[in-house]
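Trainee: Counting along the sequence shown from 1, when you hit position 118 you're at 186 in the working numbering, and nothing is skipped either side.
Be aware that one or more of the hints could be misleading.
Distance windows between CB atoms, simulated [said to hold, decoys possible]:
id: 1; residue 1: Ser117; residue 2: Asp93; range: 32 to 42 Å
id: 2; residue 1: Asp97; residue 2: Val256; range: 32 to 42 Å
id: 3; residue 1: Glu239; residue 2: His121; range: 19 to 29 Å
id: 4; residue 1: Asp259; residue 2: Pro162; range: 13 to 23 Å
id: 5; residue 1: Ser117; residue 2: Glu273; range: 45 to 55 Å
id: 6; residue 1: Asp93; residue 2: Ser147; range: 18 to 28 Å
id: 7; residue 1: Asn89; residue 2: Pro169; range: 15 to 25 Å
id: 8; residue 1: Pro162; residue 2: His121; range: 20 to 30 Å
Read the hints as simulated data drawn from the structure, not as lab findings.
Every residue, glycine too, gets a C-beta built ideally from N, C-alpha and C.
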Amino acid sequence: MTPILIGIAGGTGSGKSTFTNRIRDAFGDQVAVLYHDNYYKAHDDMPFSERKHLNYDHPNAFDTELLVHDLEELKRGHSIVSPTYNYADHNRAPETILVEPKKVILIEGILVLYEKALRDLFDIKVFVDADADERILRRVLRDTKERGRDIENIIEQYLTTVKPMHYLYVEPTRIYADVVVNSGMNDVAFDLMKHKIEVYLAKEEGK
Numbered sequence: 069m070t071p072i073l074i075g076i077a078g079g080t081g082s083g084k085s086t087f088t089n090r091i092r093d094a095f096g097d098q099v100a101v102l103y104h105d106n107y108y109k110a111h112d113d114m115p116f117s118e119r120k121h122l123n124y125d126h127p128n129a130f131d132t133e134l135l136v137h138d139l140e141e142l143k144r145g146h147s148i149v150s151p152t153y154n155y156a157d158h159n160r161a162p163e164t165i166l167v168e169p170k171k172v173i174l175i176e177g178i179l180v181l182y183e184k185a186l187r188d189l190f191d192i193k194v195f196v197d198a199d200a201d202e203r204i205l206r207r208v209l210r211d212t213k214e215r216g217r218d219i220e221n222i223i224e225q226y227l228t229t230v231k232p233m234h235y236l237y238v239e240p241t242r243i244y245a246d247v248v249v250n251s252g253m254n255d256v257a258f259d260l261m262k263h264k265i266e267v268y269l270a271k272e273e274g275k
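Input sequences plus hints: build the corresponding full structure.
Mentor: In structure tokens:
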């Protein structure tokens, strides 16, 4: 069975993870999720003081070539070993995740619609949108509670890289989306997406 690949993009704090998790919860063990953030390039040769000032919102920060390779392997029915990322250390972590091929594969990240080689793999492309003030507030809460960041570093990173990169690289990718969703809790958009996936799965099973 050919899996359905769904790219879920949007700015930081837009609700991408919420929307992704709702789909994963709806389809259970039929779903695999890959996070573009886990494919940040490693910087083992660089001290922490330098790593924390890198631009992590630029397309070049990601090893998208590796992500494309891994998705192609999953489409062929092969398991892959995904890297992981440590947000507190600003570096790739030693741990890895075994990802097995599933009927539904979700790929989430701010720039998953940016690179054509990656974008062309998706059967459905989603852009999750949200007000800029809401996004920064969500980012502050998330990064302090879940990622061990201090507020000064979050503000500096937002003003110097996150905000300008959003308007340069993230926001323009919404033109590639099949669906633009207003927040991850938009029930109408979620129901439509859920129905679309169900139709696709039924069609594949009937082949």
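Trainee: Going back to the hint list, which numbers does this structure go against?
Mentor: Violated hints: 2 and 4; rest satisfied.
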